[in-house]
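> Listed below, chain by chain, are the residues.
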Amino acid sequence: MAYWIASSPHNHIQGSTPALMRLVIYATIPGILAQWYFFGWGNLIHIGLALTTALVAEFTVLSLREKKVAEQLFDGSAMLTAVLIGISLPALAPWWISVLGALFAIVIVKQLYGGIGHNPFNPAMAAYVMLLISFPVQMTSWQPPLALMSIPLDFSNTLSVIFTQFTFDGYSLEQLRTHVDGYTMATPLDTVKTNITLGLTISESMNNPVIGEYVGEGWQWLNAAFLLGGLFLITQKAISYVTPLSFLASLFICSLIAFLVSPDSNASTLFHWFNGATMLGAFFILTDPVSGATSVKGRIVVAALAGFLVFIIRKFGGYPDAVAFSVLLCNMAAPLIDQYTRPRTYGHS
Amino acid sequence: MTILIAIIVIGLIGVLFGALLGFASIKFKVEGDPLAEQIDALLPQTQCGQCGYPGCKPYAEAVANGEAINKCAPGGDETIKKIADLMGVEVQPLDENHEADNTPKVAFIIEEDCIGCTKCIQACPVDAIIGATKQMHTIIIDECTGCDLCVAPCPVDCIEMRPLKQTPKNWQWDLDSIPVTQVD
Amino acid sequence: MESVIERIEKGHFWKFHGGIHPPEMKFLTKDKPIRPLAMPPELTIPVQQHIGEAGKLIVKAGDVVKKGQALTQSLMPLSVPVHAPTSGTIRAIENAIIAHPSGLSELCIKLTPDGEDKSIARHITPDYTSLSKHDIIEKIAQSGIAGMGGAGFPTHIKVNTHAQINYLIINAAECEPYITADDLLIREHSTTIADGINILDHLLEPAFILIGIEDNKPEAIKALQKATANNDKVKICILPTKYPTGGEKQLIMALTGKEVPSGVLPSKLGIVMQNIATCFAIAEAVIHDIPLTKRVVTVSGRALEKPQNVWALLGTPVEFLLQQCGYPEQQRKHIIMGGPMMGFSLPNTQVPVVKITNCVLAPSEQEIPNDKHEVECIRCGQCADVCPSQLLPQELQWSAKANDQQQLETLNLFDCIECGACAYVCPSHIPLVHYYRVAKAEIRQQKQLDIKAEKAKKRFEARKARLEREKLAREEKHRKAAEARKARMNSGTEQANKEKSAVAAALARVKAKKAQTSNTENVENKELASDQQDKKSQVAAAIARAKAKKQAAVQESSPAQTESQPPTPENNQGDENKKAQIAQAIAKAKAKKQAATSQDTEVENHEELNEAVKVAPVDDKKARIAAAVEKAKAKKQVAPEKPSELDTDKTEETAATNSPADDKKARIAAAVAKAKAKKLKEKNPQSAPTTVDASTNEEQEKEVAITPPLEASEEKSAQALDKKARIAAAVAKAKAKKQQAESK
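Residue numbers (numbering that gives the first Met the number 0), protein chains in the order written: chain A, 0 to 348; chain B, 0 to 183; chain C, 0 to 743.
Next comes chain A alone, as it looks inside the complex:
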């Protein structure tokens, strides 16, 4: 037995990357619970599917790349990606959507670029965008909150829809999405966007039942739950507050200006904040360190850019929600932003 030789520093914080990843996964629990409460079992089933697929894919690729499988398989990064994919999919999307998404995220976006730490894009969002572009019908068939549904949807029925497209009673997804009044329900963002093109004002849109009491039946609470999880992460110092703050502030300013200019054709800031994937994006996606900027200044810039892009795409783009797209665009811009936001080194002017 010989003396150890190590390079300083010899002591070390107890935290580690897998622990950090696990913490982030735990922080998604309030959001998942809210999702389960308002939208049923769909997303949980998708999370399960994505998790299984992601782990199998990760295992296979790691074995092929002759990496330390035991260490890297459970480092939490693949699981976090799978959880995020499961959360962001429409609850009643067919099973192969989440399987395909997880496969794409792990094999192509993550491992083919060099594995953990080397992927230029956020795997979950890249997979989401790939699915959205490739399978627009499945990816936009959002299920209304349970409270608004005419046909009750329990766990076995959800499972049946996901795997066979029909409930045990033979209702199709389209029928499930139909309101008691006979029209198909969409997400609040979708509804507002469609209504504006139809010439309706925002206040008229707000009367739509999908909007509910405040800014979106179910969605508002979902976002609030993610906000809670995000705040927990900040208190745990797992993420820095600058990214979500900058993102939300940027979105706030953009939407506020638009709202002040033309209140009839622009939804309120609160509406933007608590709809779609805003909070998920702010606390769980944009804070992904791998694909983001590295310096504090760079992060502020990237997040602000993301907020701006979210607003622009929501307002002018073809898609109702925009978090995934703007995250990918910001991922692309991050290295450049890093280049120009290097901090001034001590003793250099």
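It is possible that part of the hints are untrue.
Listed next, the in silico DSS-like pairs over lysine-lysine satisfying Cα-Cα at most 30 Å (straight line) [as the list claims (entries may be wrong)]:
no.: 1; chain 1: B; residue 1: LYS104; chain 2: C; residue 2: LYS117
no.: 2; chain 1: B; residue 1: LYS70; chain 2: C; residue 2: LYS454
no.: 3; chain 1: B; residue 1: LYS168; chain 2: C; residue 2: LYS454
no.: 4; chain 1: C; residue 1: LYS512; chain 2: C; residue 2: LYS470
no.: 5; chain 1: B; residue 1: LYS168; chain 2: B; residue 2: LYS133
no.: 6; chain 1: B; residue 1: LYS80; chain 2: C; residue 2: LYS439
no.: 7; chain 1: A; residue 1: LYS236; chain 2: C; residue 2: LYS400
no.: 8; chain 1: B; residue 1: LYS81; chain 2: C; residue 2: LYS454
no.: 9; chain 1: C; residue 1: LYS14; chain 2: C; residue 2: LYS305
no.: 10; chain 1: C; residue 1: LYS221; chain 2: C; residue 2: LYS305
no.: 11; chain 1: C; residue 1: LYS439; chain 2: B; residue 2: LYS104
no.: 12; chain 1: B; residue 1: LYS81; chain 2: B; residue 2: LYS70
no.: 13; chain 1: C; residue 1: LYS463; chain 2: C; residue 2: LYS446
no.: 14; chain 1: B; residue 1: LYS133; chain 2: C; residue 2: LYS221
no.: 15; chain 1: C; residue 1: LYS232; chain 2: B; residue 2: LYS164
no.: 16; chain 1: C; residue 1: LYS400; chain 2: B; residue 2: LYS70
no.: 17; chain 1: C; residue 1: LYS439; chain 2: B; residue 2: LYS168
no.: 18; chain 1: B; residue 1: LYS168; chain 2: C; residue 2: LYS457
no.: 19; chain 1: C; residue 1: LYS463; chain 2: B; residue 2: LYS81
no.: 20; chain 1: A; residue 1: LYS296; chain 2: C; residue 2: LYS14
no.: 21; chain 1: C; residue 1: LYS14; chain 2: C; residue 2: LYS65
no.: 22; chain 1: C; residue 1: LYS14; chain 2: C; residue 2: LYS59
no.: 23; chain 1: B; residue 1: LYS133; chain 2: C; residue 2: LYS470
no.: 24; chain 1: B; residue 1: LYS104; chain 2: B; residue 2: LYS70
no.: 25; chain 1: C; residue 1: LYS400; chain 2: B; residue 2: LYS81
no.: 26; chain 1: C; residue 1: LYS446; chain 2: B; residue 2: LYS81
no.: 27; chain 1: C; residue 1: LYS109; chain 2: B; residue 2: LYS164
no.: 28; chain 1: B; residue 1: LYS80; chain 2: C; residue 2: LYS305
no.: 29; chain 1: B; residue 1: LYS70; chain 2: C; residue 2: LYS117
no.: 30; chain 1: B; residue 1: LYS164; chain 2: C; residue 2: LYS439
no.: 31; chain 1: C; residue 1: LYS512; chain 2: C; residue 2: LYS479
no.: 32; chain 1: A; residue 1: LYS66; chain 2: C; residue 2: LYS400
no.: 33; chain 1: C; residue 1: LYS513; chain 2: B; residue 2: LYS133
no.: 34; chain 1: B; residue 1: LYS56; chain 2: C; residue 2: LYS512
Hints are computed from structural coordinates only; laboratory data are not their basis.
Once you have looked at the hints, place chains B and C on chain A.
Structure of chains B and C alone, referenced to chain A:
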């Protein structure tokens, strides 16, 4: 008439741009480092002649004129990479005729064997050997480039190439090389 | 400037970027007094313990030294001596592992204490103000004081600044975990430290003295406040605990809000920083005339039974310290010299305590686990958040792994102070600092290589130019000489005749030289084929040498004759030279003739030699006389000839060592040596080395013997010739002919 105007206009434009270009070429003239100079700057300057040229400069000139870039053994892969970058060509592995071992070495004269023949002094490309006829010779370690040109001419084979001694000053933080005492 | 002091007086300080709060662990040792240690059985004192140049050894193995006696002498400004920490005998001066991360060995003085601890005479100076500044600095330098905070920069250089100093900053921050050495030193010796600070005040005359100390040392702060109460300039600045407050640049930032520009010394900003332990050492040196031979070392860590601060003599092996503090065998896993953040692992326990050793840490396995589970960087950026130099550690790490030296320098790698904060917080457990160190070492080496390459290029070009110049100069000289000679010869005077004879001699020489060269070439090219020729040429050369020797011997052995000679010794010498040259030329010519004409076998050659041996004893006496006569004659010939010719010869002779390339003598010598070596080499495989030696000796003897008769015959023919010395050429020819005849 219109044709004439067109010709005149086009002609004037031509003259104008020509003048502009001419002005720019004088005004913004870049005193370029000739390629050979740049290559020479990348070479390790051991003047060893292992590339087949009498010194680094001639090899640099040859490379600039199309000689293979992989003949500098002391520079090794690093130098080849740099030259490839400069020339915009593919990196090639070191020429097979050359030894791949480019650990820094210096010549060492086994002084008790030296007969003072001065042959090595004449061979040294950088005058790093001092000595006189029938006097023992010695190497100025700081000046020796490790080219090993002095090894062959020695009639009594008293010159050998020795790796540079490792000191705390030139230590490269190779923790694995530390001799650790076994306890127990 | 006022505002800085106002802020300090209010207790408001600046913040430097980043920093961390590792577990302090100072409680292990902070409440125990400094313990004086017993005398270790042997001290290992490295000759160099500071940054800069090592001093020159002034003791040798076996010397008996007294405590405080200098063991080395500083010859260069950036050098400080080391002293004997106690009295005893120097057992050896040899290489031993030094206190350096590399674990390499360097020159160390091994001192065996005699236990008496006898000191050299000291000159106590209670009033340091009676000394001139120069004397004080000299005392500091001679006491071997080098920065005791960790860098080991010679203190006398730092205090010998001519810049106007605004702030003298005393670093008592001691921000590294575990270490309490300064804390305890302040508590126990605050008055001596105050003296040291006053001496520095006297030397540097700063506007203010700021003592930076972290707020986790309340007792030390109290002690300092009490001790420095009488100096108005002193401000004790209590800083919040944060690692690395004790870094020089960080402390300057925290106290004055100034950034030290990269690559600039703080003295440019009017700031000088000294470690608090250095202040103590200065007071000891200047007032009590005690050189730096001991220091406080924190021996800490959970693997120890009794962690404590100790007074350790410089050179005490770490093993001894650990034993004194109780280091059980089963706990021996890891020893760190220095703190856990910036210290280095020791490869064994024989490493000595040196001037910069403030801590020896023996952690238990739970405390500092040996985990080397480096995983991929996830770019979390925590490293950049804690970096006190505001670098981007992760980008540095990528560039270091890619060995992109240019990018590393753009990212200001060399501003990294290696504090370890980045690696401490890294969730991927990447040994970032290690990568930086490797990269720094590589860049430094690359720079050295670049400088060396540049120098080599210059030398190569200078050499080329020199060779060219010499060639031209030689050609020019030859041309001129030839012209001059021609002109003189044509003049037809007495002088001209002499010249002619000289020319003739020279011609003979040239011929001989040519013969020799061709011979050598032969030897080189066809070693085997020309074996025989080799031998002959060697024999010939040896004969020539022997002859020259003999002549010298004869001349010495017959002083009467020499005295009878009118010419001055100088002339004698010139003659001698000429004589030797002629002899050699003869020998060469002979060799050439032999080689060219005779087809003799080796056996025949030997026979011939043997014959000569038989003749030799008979002719010996005669030959000597003849040689002497010949010499006298030659001298006579030479005497009237004015020294010009001789001088050139002589200068050539002496210049031989300087310009070997074109000197004929050197060539001959080289060829001879080479031939001999080659011959030896060839012979070696055939017969045992002893017999070879014997045979060579024998041969040489024969050669010596064969010379006199030949000379005698030369003599006759020479006498027959004209007074004017055409002898040389003729002799050469005659001898060659004779030789030919003999061999047939």
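> Confirm or reject each hint.
Now for the hints, and whether the structure bears them out:
no., hint, result
1, B:LYS104 with C:LYS117, "violated, 48 Å"
2, B:LYS70 with C:LYS454, "holds, 22 Å"
3, B:LYS168 with C:LYS454, "holds, 21 Å"
4, C:LYS512 with C:LYS470, "holds, 19 Å"
5, B:LYS168 with B:LYS133, "violated, 36 Å"
6, B:LYS80 with C:LYS439, "holds, 21 Å"
7, A:LYS236 with C:LYS400, "holds, 28 Å"
8, B:LYS81 with C:LYS454, "holds, 20 Å"
9, C:LYS14 with C:LYS305, "violated, 37 Å"
10, C:LYS221 with C:LYS305, "holds, 27 Å"
11, C:LYS439 with B:LYS104, "holds, 22 Å"
12, B:LYS81 with B:LYS70, "holds, 13 Å"
13, C:LYS463 with C:LYS446, "holds, 26 Å"
14, B:LYS133 with C:LYS221, "violated, 74 Å"
15, C:LYS232 with B:LYS164, "violated, 50 Å"
16, C:LYS400 with B:LYS70, "holds, 27 Å"
17, C:LYS439 with B:LYS168, "holds, 12 Å"
18, B:LYS168 with C:LYS457, "holds, 26 Å"
19, C:LYS463 with B:LYS81, "holds, 27 Å"
20, A:LYS296 with C:LYS14, "holds, 19 Å"
21, C:LYS14 with C:LYS65, "violated, 49 Å"
22, C:LYS14 with C:LYS59, "violated, 52 Å"
23, B:LYS133 with C:LYS470, "holds, 24 Å"
24, B:LYS104 with B:LYS70, "holds, 18 Å"
25, C:LYS400 with B:LYS81, "holds, 18 Å"
26, C:LYS446 with B:LYS81, "holds, 16 Å"
27, C:LYS109 with B:LYS164, "holds, 23 Å"
28, B:LYS80 with C:LYS305, "violated, 57 Å"
29, B:LYS70 with C:LYS117, "violated, 66 Å"
30, B:LYS164 with C:LYS439, "holds, 19 Å"
31, C:LYS512 with C:LYS479, "holds, 21 Å"
32, A:LYS66 with C:LYS400, "holds, 19 Å"
33, C:LYS513 with B:LYS133, "holds, 22 Å"
34, B:LYS56 with C:LYS512, "violated, 36 Å"
Taken one by one, the earlier hints fail for this structure at numbers 1, 5, 9, 14, 15, 21, 22, 28, 29, 34, listed in ascending order.
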